[in-house]
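J.: Each chain, letter by letter, is given below.
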Amino acid sequence: MKIPSVGNGGRDFLFNRKIMLNGKTGIGFRKDFAEEFLNEKILKPHFIEVAPENWIDMGGYWKKIFDKVTGQTPLLCHGLSLSIGSPDELDWEFLKKLKLFLKQYNVQIYSEHLSYAKCDNAHLYDLLPIPFTDDAVKHTANRIKQVQDFLERKIAIENVSYYTPVAPQMDEPTFISAIANEADCNLLLDVNNIYVNAFNHKYIAKEFLHKLPLERVAYIHMAGHLQVDEDLIIDTHGENIIDPVFDLFEYTIQHVKPVPVLLERDFNIPELNELQGELNRLQKICDKAWIKEHA
Amino acid sequence: MLKTETKNLQSKLADYCRTGELTLTTEVNQKHVKHYRRLVYNIIDDILESAFPVFFEFASDEMWDEMVNTFFSKHNCRTPHVWKVPGEFYEYACKENWKEKHKIPFLEDLLLFEWIEMDIHTMKDETIPAYKKEGDWNKSIVILNPEYRILTTQYPVHTTPPVYLNEKTKGQYFILIYRLPETGSIQFLDISVLYALTIEKIEEEKTIPALVDELQTIFNFPDKTEAQNHIISFLEDLTQKGFVLGFKN
Chain A
1 MKIPSVGNGG RDFLFNRKIM LNGKTGIGFR KDFAEEFLNE KILKPHFIEV
51 APENWIDMGG YWKKIFDKVT GQTPLLCHGL SLSIGSPDEL DWEFLKKLKL
101 FLKQYNVQIY SEHLSYAKCD NAHLYDLLPI PFTDDAVKHT ANRIKQVQDF
151 LERKIAIENV SYYTPVAPQM DEPTFISAIA NEADCNLLLD VNNIYVNAFN
201 HKYIAKEFLH KLPLERVAYI HMAGHLQVDE DLIIDTHGEN IIDPVFDLFE
251 YTIQHVKPVP VLLERDFNIP ELNELQGELN RLQKICDKAW IKEHA
Chain B
1 MLKTETKNLQ SKLADYCRTG ELTLTTEVNQ KHVKHYRRLV YNIIDDILES
51 AFPVFFEFAS DEMWDEMVNT FFSKHNCRTP HVWKVPGEFY EYACKENWKE
101 KHKIPFLEDL LLFEWIEMDI HTMKDETIPA YKKEGDWNKS IVILNPEYRI
151 LTTQYPVHTT PPVYLNEKTK GQYFILIYRL PETGSIQFLD ISVLYALTIE
201 KIEEEKTIPA LVDELQTIFN FPDKTEAQNH IISFLEDLTQ KGFVLGFKN
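Residue numbers (our numbering), protein chains in the order written: chain A, 1 to 295; chain B, 1 to 249.
The set of hints was computed from the structure by calculation and includes no laboratory data. Treat the hints with care, since some could be wrong.
[Said to hold, decoys possible] Quick partial rundown of chain A residues pointing at chain B, CB under 10 Å, derived from the structure:
#	residue
1	33
2	63
3	69
4	121
5	131
6	139
7	150
8	151
9	164
Cβ atoms here follow ideal geometry from the backbone N, Cα and C, with glycine treated the same way.
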């Protein structure tokens, strides 16, 4: 095992520089392939993404690795624990650390899930669906505004996959749009989640897409999923992206401006050249749609 | 701003994920909601299993499941960092006196040892104090690697598999666990009470002769010079092992 050198590995070079990532593809950085990523140079993303919760307060070996990787590759962040739709108070101590982290690593995009992961003062470490209600719209939008004010930046909220609606008063695109418009935040469009939800809740993905405020899309996620039942798909991030999701992606990006596109692969991670193959396929689709259109 | 009704829905779903007891009825899809409990529970189960591999191997499936279930359903996890949950699991096991309940006298020692190993591996980097490599053991103040803990346990959980831990192995053990600054790898050493106290005194910036004078009141060394030489020899060994960094500038 090669041990990385001490130091920030070149982050000074990236620091304070805004790297143009629109139309570029990146990958969710995992400890599972960290050493191979650094040493083998098989995987060549334009940027990486991490959950800040997994790296804030981290020292030792993994911080050395992280500093080295972020010294070479721009970093975007996708949160897990902010719990933006929670009935609980916002965690200001966590937000303070987050703000420092985003600044320290020159993070251009910070996104979170439109869900809740903490309730009754207890973290759950997974994403639960917010009831699609009028008061939840106002409550969540207000919290997003508070977070944006504190972080002094717009955040992007992600349309999450969900496996059961919870006493909804409105449909999902109305809920997402209302929150995004009221909070004046960006959207992280997870194309796989649209596919998963369309299957699970029996709607047409392309129609759903056009009900969203697409002008707010600042970031796109792509991932694989697993069908666990005849009428249920789980968003696992543990499989290759299937062709119909690639097709939906190709359709989607014709309707949004060029933004960074992320491949999420959290489990069942294949050989890195296979992941690079998926990145190449995504990049080819991006180039076809966005270079032609915006040349 | 959030209505009580909405809050209750969220609370009931969260509660179901933690306990497995579903109180929502027509508000959710009864067939699919179970996946939330499964997914949430698996995250907790996986993080605890990877943090406590020795105890997981030792515990029966029933005991393990009961512990994880009880912990997650009754304890409010405070940390936003999932990798710090094992520390809360250890605290909960102590608070609920699981070593008595489950009749595992070494439980707290084992959980603490496994957790601290992980905690030191991931803890925030400490500032390394200024030091010089050369110095006089008899006059200079020794500088230690600040990324360490000394655990005091009743059972030798660091050297002995759980199945061999019993009343005969009960005693007082001191374990020095530290992180090598260059590589971040974790080392642990079984040390004596004398050496544990020596490290404590060095932290107070005592020179070796001064700390030997203080320890004399506890150990009543027959020969102070010999005791001092033993301590220097111990610290020389720890220099080789990357725990002693050098001497104060």
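J.: Does each hint fit the structure? Answer for all of them.
T.: Evaluated hints:
no. : hint : verdict
1   : 33   : violated (17 Å)
2   : 63   : holds (6 Å)
3   : 69   : violated (15 Å)
4   : 121  : holds (5 Å)
5   : 131  : holds (5 Å)
6   : 139  : holds (4 Å)
7   : 150  : violated (15 Å)
8   : 151  : violated (15 Å)
9   : 164  : holds (4 Å)
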